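S.K.: Below, each chain spelled out in residue letters.
Number of protein chains: 2
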Amino acid sequence: MIFRQLFDRESSTYSYLLAERPGGEALLIDPVLENTNTYVRLIEELGLELVLAVDTHIHADHVTALGALRDRTDCASAMGEMTKAECVSVRFREGEKLCVDNLHLDILYTPGHTDDSYSFLLPDRVFTGDTLLIRGTGRTDFQNGDAAAQYDSLFGKLLTLPEDTLVFPAHDYNGMTVSTIGEEKRHNPRLQAADKQAYVDLMNGLKLDDPRLMDVAVPANRSCGLKTAA
Amino acid sequence: MIFRQLFDRESSTYSYLLAERPGGEALLIDPVLENTNTYVRLIEELGLELVLAVDTHIHADHVTALGALRDRTDCASAMGEMTKAECVSVRFREGEKLCVDNLHLDILYTPGHTDDSYSFLLPDRVFTGDTLLIRGTGRTDFQNGDAAAQYDSLFGKLLTLPEDTLVFPAHDYNGMTVSTIGEEKRHNPRLQAADKQAYVDLMNGLKLDDPRLMDVAVPANRSCGLKTAA
Numbered sequence: 001m002i003f004r005q006l007f008d009r010e011s012s013t014y015s016y017l018l019a020e021r022p023g024g025e026a027l028l029i030d031p032v033l034e035n036t037n038t039y040v041r042l043i044e045e046l047g048l049e050l051v052l053a054v055d056t057h058i059h060a061d062h063v064t065a066l067g068a069l070r071d072r073t074d075c076a077s078a079m080g081e082m083t084k085a086e087c088v089s090v091r092f093r094e095g096e097k098l099c100v101d102n103l104h105l106d107i108l109y110t111p112g113h114t115d116d117s118y119s120f121l122l123p124d125r126v127f128t129g130d131t132l133l134i135r136g137t138g139r140t141d142f143q144n145g146d147a148a149a150q151y152d153s154l155f156g157k158l159l160t161l162p163e164d165t166l167v168f169p170a171h172d173y174n175g176m177t178v179s180t181i182g183e184e185k186r187h188n189p190r191l192q193a194a195d196k197q198a199y200v201d202l203m204n205g206l207k208l209d210d211p212r213l214m215d216v217a218v219p220a221n222r223s224c225g226l227k228t229a230a
Numbered sequence: 001m002i003f004r005q006l007f008d009r010e011s012s013t014y015s016y017l018l019a020e021r022p023g024g025e026a027l028l029i030d031p032v033l034e035n036t037n038t039y040v041r042l043i044e045e046l047g048l049e050l051v052l053a054v055d056t057h058i059h060a061d062h063v064t065a066l067g068a069l070r071d072r073t074d075c076a077s078a079m080g081e082m083t084k085a086e087c088v089s090v091r092f093r094e095g096e097k098l099c100v101d102n103l104h105l106d107i108l109y110t111p112g113h114t115d116d117s118y119s120f121l122l123p124d125r126v127f128t129g130d131t132l133l134i135r136g137t138g139r140t141d142f143q144n145g146d147a148a149a150q151y152d153s154l155f156g157k158l159l160t161l162p163e164d165t166l167v168f169p170a171h172d173y174n175g176m177t178v179s180t181i182g183e184e185k186r187h188n189p190r191l192q193a194a195d196k197q198a199y200v201d202l203m204n205g206l207k208l209d210d211p212r213l214m215d216v217a218v219p220a221n222r223s224c225g226l227k228t229a230a
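Here the protein sequences come in this chain order: A and B.
For the first sequence, position 4 matches number 4 in my numbering, and the numbering has no gaps at all.
For the second sequence, position 124 matches number 124 in my numbering, and the numbering has no gaps at all.
If you are wondering where the hints come from, they were derived from the structure by calculation, not from laboratory data.
None of these values were measured; they are calculated from a predicted model.
Do not rely on the hints blindly, as some may be mistaken.
Unchecked claim - In the EDC-like style, the derived pairs of lysine to aspartate or glutamate whose C-alpha atoms are separated by at most 20 angstroms in a straight line are:
id: 1; chain 1: A; residue 1: Lys185; chain 2: A; residue 2: Asp152
id: 2; chain 1: A; residue 1: Lys84; chain 2: A; residue 2: Glu94
id: 3; chain 1: B; residue 1: Lys185; chain 2: B; residue 2: Glu163
id: 4; chain 1: B; residue 1: Lys227; chain 2: B; residue 2: Glu45
id: 5; chain 1: B; residue 1: Lys227; chain 2: B; residue 2: Asp215
id: 6; chain 1: B; residue 1: Lys185; chain 2: A; residue 2: Glu44
id: 7; chain 1: A; residue 1: Lys84; chain 2: A; residue 2: Glu44
id: 8; chain 1: B; residue 1: Lys157; chain 2: B; residue 2: Asp115
id: 9; chain 1: A; residue 1: Lys185; chain 2: B; residue 2: Glu86
id: 10; chain 1: B; residue 1: Lys185; chain 2: A; residue 2: Glu45
id: 11; chain 1: A; residue 1: Lys157; chain 2: A; residue 2: Glu96
id: 12; chain 1: A; residue 1: Lys185; chain 2: B; residue 2: Glu45
Chain A extracted, bound-state conformation:
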């Protein structure tokens, strides 16, 4: 497998390039608009063909490259069936798979950070978007976020994966690049909540400022990051 974790320093976003083999089909998860040239160059250098660009959810902190990549490479752009982004060419649902060559990622519906949040699972690793972060979880106070739903996504789905499953989130702000399910179970402070109500109280008490780019990013991402006529 070809696997590349790519970091956007401005928004602390991790994007992930995956392919089964050199020269084969490629998948890009959570690409950032400003890095489109970097992705396209890397994909060319690796001799890959980008067939699918996917967002785990509608991001509020950066503008997606889904539209730009579709324009540049003719790839499909995909988000979950719950998304309000009308521009995507594919809508997936839990139980389906994202496929490039013989690489198949299982799709999990993991709402809570937003109501259109999905995670993608390979046998040894999971891409958790903003649902499960390293030593944190995604905020649940906008875009139909729901702390109780996030608790169920975490404890009912992600944390039931094997403990050595690698966790690759959509962001990290502290220089960490990867974790494991077991490590997060034991050391993620938010996952130490006694029960669902304690988790909901914790999340609803955070009182966070809105993301700096939210008023720009959310409308832009509903059109896959492409400018629309006013």
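Add chain B to chain A, keeping to what the hints say.
M.R.: Chain B in isolation, oriented as in the chain A frame:
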């Protein structure tokens, strides 16, 4: 194997934590002083015992955590025999190995960026310090840097490794986290130089500003990042 790539955003430095197994001995490559607490906490959470902290060379762009980690964890601190850091507890040379439990890293002497630059090799990956960067190479214009020596380190040693060897450098400024030897051979612009003289001319013509922290970092790193009496 436990493997963690850690990023220092201020200096764009990658540090690497390695261990053979949970609960075992750990090795830390190129740790940054400001992140000492992060390393110590992560090592504790993973149940590891830090036995060795290593710098690939005397860095000019950040202060090392070698001394702080020795104070905090009683680990050994190691650099190559060519180093001017008098404070290290272990000096290694090419042909020797860095060992934690049954994980053995081969030591390669790869001067050029500095005269004390070393690389560390596992069967599937190499830690290249500032000798080989992703789509770049370390500057050779201070600390006894030598472009001709770097050419020999690159073409005579690192680029002779199997093409699928993963390349983990000490820095990246463009959001890349890893490359391979084959990819760098083909797509690293500096490695397209026609011969040694062309490489030397290219490197000597760069006219780079000194690193912002150079006047602080180099003296500090000669004492392993620990403050010394004036």
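S.K.: The structure should be examined with respect to each hint, and the outcome stated for every one.
M.R.: Right, here's what the structure says about each hint:
Between Lys185 (chain A) and Asp152 (chain A), the direct Cα distance comes to roughly 14 angstroms. Compliance with the 20 angstroms bound is thereby established for this hinted pair. Proximity of Lys84 (chain A) to Glu94 (chain A) is assessed by CA-CA distance (about 17 angstroms); at most 20 angstroms being required, the pair is judged to hold. Taking the CA atoms of Lys185 (chain B) and Glu163 (chain B), the gap is near 8 angstroms; set against the 20 angstroms cutoff, the hint holds. Using a Cα cut-off of 20 angstroms, the hinted pair Lys227 (chain B) and Glu45 (chain B) is violated, with the two alpha carbons roughly 28 angstroms apart.
Taking the CA atoms of Lys227 (chain B) and Asp215 (chain B), the gap is near 14 angstroms; set against the 20 angstroms cutoff, the hint holds. With a C-alpha separation of about 15 angstroms, the suggested pairing of Lys185 (chain B) with Glu44 (chain A) holds against the 20 angstroms cut-off. Restraint check for Lys84 (chain A) and Glu44 (chain A): the C-alpha separation of about 31 angstroms exceeds 20 angstroms, so the hint is violated. Using a Cα cut-off of 20 angstroms, the hinted pair Lys157 (chain B) and Asp115 (chain B) holds, with the two alpha carbons roughly 16 angstroms apart.
Under the criterion of a C-alpha separation no larger than 20 angstroms, the hint pairing Lys185 (chain A) with Glu86 (chain B) is inconsistent with the structure, at around 42 angstroms. Pair hint Lys185 (chain B) plus Glu45 (chain A) holds up; C-alpha atoms about 11 angstroms apart against a cutoff of 20 angstroms. Only pairs whose Cα atoms come within 20 angstroms are accepted, and Lys157 (chain A) paired with Glu96 (chain A) is accepted, the gap being roughly 15 angstroms. For the hint pairing Lys185 (chain A) with Glu45 (chain B), the CA-to-CA distance comes to about 11 angstroms; that is within 20 angstroms, so the pair holds.
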